[in-house]
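Peer 1: The chain contents come next:
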Amino acid sequence: MKLCELTAHELKDMLRKGETSSREITESVLDRIQEVEEKVKAYVTIDREGALKQADEIDEKLKQGEQLPPLAGIPIALKDNMCTKGLKTTCSSKILENFVPPYDATVVAKLKENGAVIIGKTNMDEFAMGSSTENSAFFNTANPWDLTTVPGGSSGGSAAAVAADEAVMALGSDTGGSIRQPAALCGVVGLKPTYGFVSRYGLIAFASSLDQIGPITRDVTDCALLMNVICGHDPRDSTSADVKVPDFTRFLRNDVKGLRIGIPKEYFPEGINPEVEKAVINAGKLLEELGAEIIEISLPHTDYALADYYIIAPAEASSNLARYDGIQYGYRSQDYDDLIDLYKKTRSEGFGPEVKRRIMLGTYALSSGYYDAYYLKALKVRTLVKQDFDRAFEKVDCIISPTSPTPAFKMGEKVDDPLAMYLSDVFTLPVNMAGIAGISIPCGFSKEGLPIGLQVIGKPFDEGTIIQVAYTFEQNTDFHKRKPEL
Amino acid sequence: MDYEVIIGLEVHAELLTDSKIFCCCTTEFGGAPNTHCCPVCLGLPGVLPVTNEKVIELGVKAALALNCEISPYSKFDRKNYFYPDLPKAYQISQYDLPLARNGYLEIEVDGKTKKIGITRVHLEEDAGKLVHSETGSYSLVDYNRTGVPLIEIVTEPDLRSPAEAKIFLEKLKSILQYAEVSDCKMQEGSLRCDANVSIRPMGSKEFGTKTELKNMNSFKAVQKGLEYEVKRQKKLLERGKKIIQETRRWDENSNKTYTMRSKEEAHDYRYFPEPDLPPIVLEKGYIEEIRKTLPEMPYDRKKRYIEEYGLPEYDAGVITSSKALADFFEECVKEYVDAKTVSNWVMGELLGTLNAMDKEIDEIPLTPKHLADMLKLMDKGTISGKIAKKVFKEMMETGRTPDEIVEEKGLKQIADEGELSKIVDKVIADNPKSVEDYRAGKKKAIGYLVGQVMKETRGKANPQLVNKLLREKLES
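Order-wise, the sequence lines are chains A and B.
Take the first sequence: its letters are residues 1 to 486, numbered as in this note's numbering.
Take the second sequence: its letters are residues 487 to 962, numbered as in this note's numbering.
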């Protein structure tokens with residue numbers, strides 16, 4: 001096996017034993033990128049020199065016998081909406097095509113402190129709006145399992161990079177499912193932490209009350225290791241929670257005995273893909289055999305969550321994206337008559353169609369005369385969605401469901417049908433609305449050999465439990481061991 | 487027809503914090519363009535605001551000084567609009583749940599006390615500044631002011647004339663300065679005022695259509711702008727025309743108001759709760775702690791000056807109208823006990839010269855101790871009252887001590903009998919006519935001789951001593 005195919009925890013052990021070096025690992029990943037990137041197109045920016053420099057620094061420290069944190073020397077890819085000092089951060093948008101941040105996002109600073117080797121910045125749906133990475137202003141990313149299908153989105157580049165061994169691990173961001181859905185479609189592990197667990201400082205905002213950064217990894221152990229690095233209170237983010245961060249590796253226990261696991265009936269609607277349904281039901285059966293108690297539950301406001309999300313997220317986005325006006329930084333139209341014309345042309349030329357659609361939706365929902373009917377109402381419905389989960393968690397310790405209603409779909413299949421695309425996130429976005437945690441792990445494959453994801457939803461700041469359930473499932477199955485052929 | 491004038495004001499005051507409202511940048515006025523900025527106040531992609539606690543504290547203090555009820559729960563909202571001086575394209579402000587409401591301020595109008603209602607006080611961030619090129623072909627943005635904390639104070643429509651509006655603003659400025667929440671320097675933009683004005687037939691209960699006035703850069707301009715606008719509205723009504731609800735700009739040069747934008751062109755700010763900031767939750771105990779830190783307000787201080795220092799009411803009123811002036815007075819009285827003498831100098835020489843210089847007390851180098859020391863020199867007879875005025879002027883301009891000035895310029899009073907005696911002898915010898923007159927019984931002639939001695943000594947002779955010596959010599 002090549003180094004780039006291993007997990008972070010395997011590589012970590014090899015580094016400690018002196019069996020390899022960070023440079024060898026990093027070169028292995030860079031070679032793999034050389035080999036397959038033309039097909040997958042996971043990266044917007046590859047920082048070859050920066051990565052090798054970081055790797056050499058780690059090797060030097062190892063040589064000196066320094067005690068290094070667990071992820072030191074491990075190559076990681078970052079979704080291109082996390083600010084990296086001196087390294088282009090584009091949000092896969094023309095409007096930020098040449099934007100070089102003068103500062104590091106808090107998560108990036110934490111990764112650097114921990115010695116992780118930043119390989120590059122991954123492709124995404126423009127401003128994280130989309131479920132297929134087809135909304136990137138630059139190019140499409142392919143699903144490594146079938147190059148004619150999408151990797152999911154919006155963190156499609158990060159999920160594809162991890163699946164194709166072009167990175168050992170990655171960070172994504174999740175506003176309505178953007179970590180979990182691509183993780184499911186690419187057959188990797190993706191966790192959206194509880195809102196407030198990971199600092200958003202330096203994450204280019206899509207919808208501030210929903211956005212959250214999280215890990216995309218090859219297995220649950222790597223996920224726990226990465227969570228240990230990125231979680232924690234940040235004084236620069238007023239919405240970051242001042243809670244104690246546990247050592248998540250403590251939850252890597254092959255044991256679900258006595259755990260009460262809920263299955264919401266609303267997450268298996270008519271018309272759901274039968275292979276997905278079957279894989280998730282079988283996952284429930286397996287967990288039951290392993291000692292968990294499976295309980296059918298109801299989340300009655302599930303039907304409203306999608307519509308609700310498409311008021312709140314665009315409303316916040318319409319304001320968050322207003323700063324891209326061509327004045328201070330980013331793209332500016334070349335030819336304009338006056339200030340208003342500059343604004344209009346810059347934004348018309350700089351944003352893609354989905355971003356414009358959501359800016360218009362959000363602007364409308366916040367307009368005077370409509371605010372009460374849309375935004376205010378949506379806030380109330382959001383409370384109901386959250387209460388559904390609160391009530392469910394009185395009866396169960398966690399909830400399992402499909403991550404995505406379908407496996408990876410064909411490129412181009414849904415680009416012209418926004419509503420069909422929006423439905424990709426129907427099982428993931430209620431978790432964002434409620435501000436709670438969710439993880440997606442591989443739980444099967446379709447006839448065509450495309451991965452299927454199992455979502456495990458947990459109580460706020462109880463990532464430990466879903467990591468334990470996910471780890472137990474992983475230890476008793478082989479789905480995560482399969483690799484796509486490229 | 488007689489009309490009643492209805493005025494309400496919206497006042498913005500910069501809060502006296504060291505750092506900005508949502509980041510650590512300095513709030514200092516001036517500085518080379520774009521040197522007081524960081525990624526947060528520049529609104530770069532990915533940044534988040536963090537509320538400066540000092541802003542909440544000063545906001546609460548200001549609201550308490552304006553007799554407001556402090557909201558136990560308030561929140562920040564986004565006010566969305568595009569303008570190059572607003573880097574996020576939204577201003578973080580407060581909309582439906584402001585920091586404080588239902589206050590009032592008492593003003594004196596024609597000798598009577600009148601209560602002006604304060605509708606609300608809320609917190610918000612300031613915007614940057616545009617610098618337009620002379621050719622008009624481009625504009626530059628300076629973000630130094632972006633994120634400087636402001637309070638917006640909105641009054642009830644309780645003011646009944648432009649003159650009242652000016653009195654209110656002067657009182658408000660004094661209160662905010664007393665509370666030490668704002669320095670209220672209109673020339674530096676740390677105090678700004680917009681006004682809403684309408685008129686209605688005397689006795690009518692319904693409000694007329696209002697216009698909003700902007701761009702008034704001094705209290706005088708507020709009064710003039712409102713006077714113009716009242717006249718304009720009267721003329722329209724008298725011609726049977728309607729007043730259009732709109733925002734108008736006061737133009738200092740032409741002394742007129744011009745349409746800025748109509749009601750239809752008004753922005754839809756699409757306010758919504760700021761998702762990046764938690765709500766402001768204030769405990770009763772916290773509010774009471776701040777109330778305790780409120781310094782003595784002008785009215786109480788005036789009362790104390792009358793009782794403690796025995797100042798006439800008029801003096802006490804003039805001195806306490808400005809906190810800086812009152813502070814100066816008190817410091818001085820600590821060093822020099824005769825309060826009335828200090829008051830005379832403060833109200834006379836000091837205020838007179840300040841007005842002539844168009845400056846505030848804190849803009850000149852004079853210290854209270856210098857004034858006290860100078861008064862002591864007078865008492866000791868080192869300088870005369872006439873010389874003191876010269877010394878005082880010099881102190882105001884240079885900030886040097888009275889001793890230094892007296893020493894360097896040789897202004898010390900001549901009180902040495904031997905030295906003066908010689909000069910008196912010379913004057914007697916040089917003015918036989920006056921001497922004769924005096925000796926002939928024209929006692930007034932001594933005045934001329936005293937004057938001559940003063941002239942010889944360039945005003946430095948001790949006048950009492952000169953009188954004594956002259957009399958002795960003439961009558962001997």
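Since the hints were made in silico from the structure, they are not lab data.
From a predicted model like this one, the values you see are computed outputs, not experimental measurements.
For glycine and all other residues, C-beta sits at the position ideal for the given N, C-alpha and C.
Be a bit skeptical, because a hint or two may be false.
Listed next, the stretches of chain A that the computed footprint assigns to chain B, with coverage defined by at least 3 CB atoms under 8 angstroms from CB atoms of chain B [unchecked claim]:
#	region
1	2-14
2	32-46
3	308-319
4	367-373
5	461-472
Peer 1: Enumerate the violated hints, using their earlier numbering and listing them in ascending order.
Peer 2: Checked against the structure, the hints that fail are numbers 1, 2 and 5, while the rest are satisfied.
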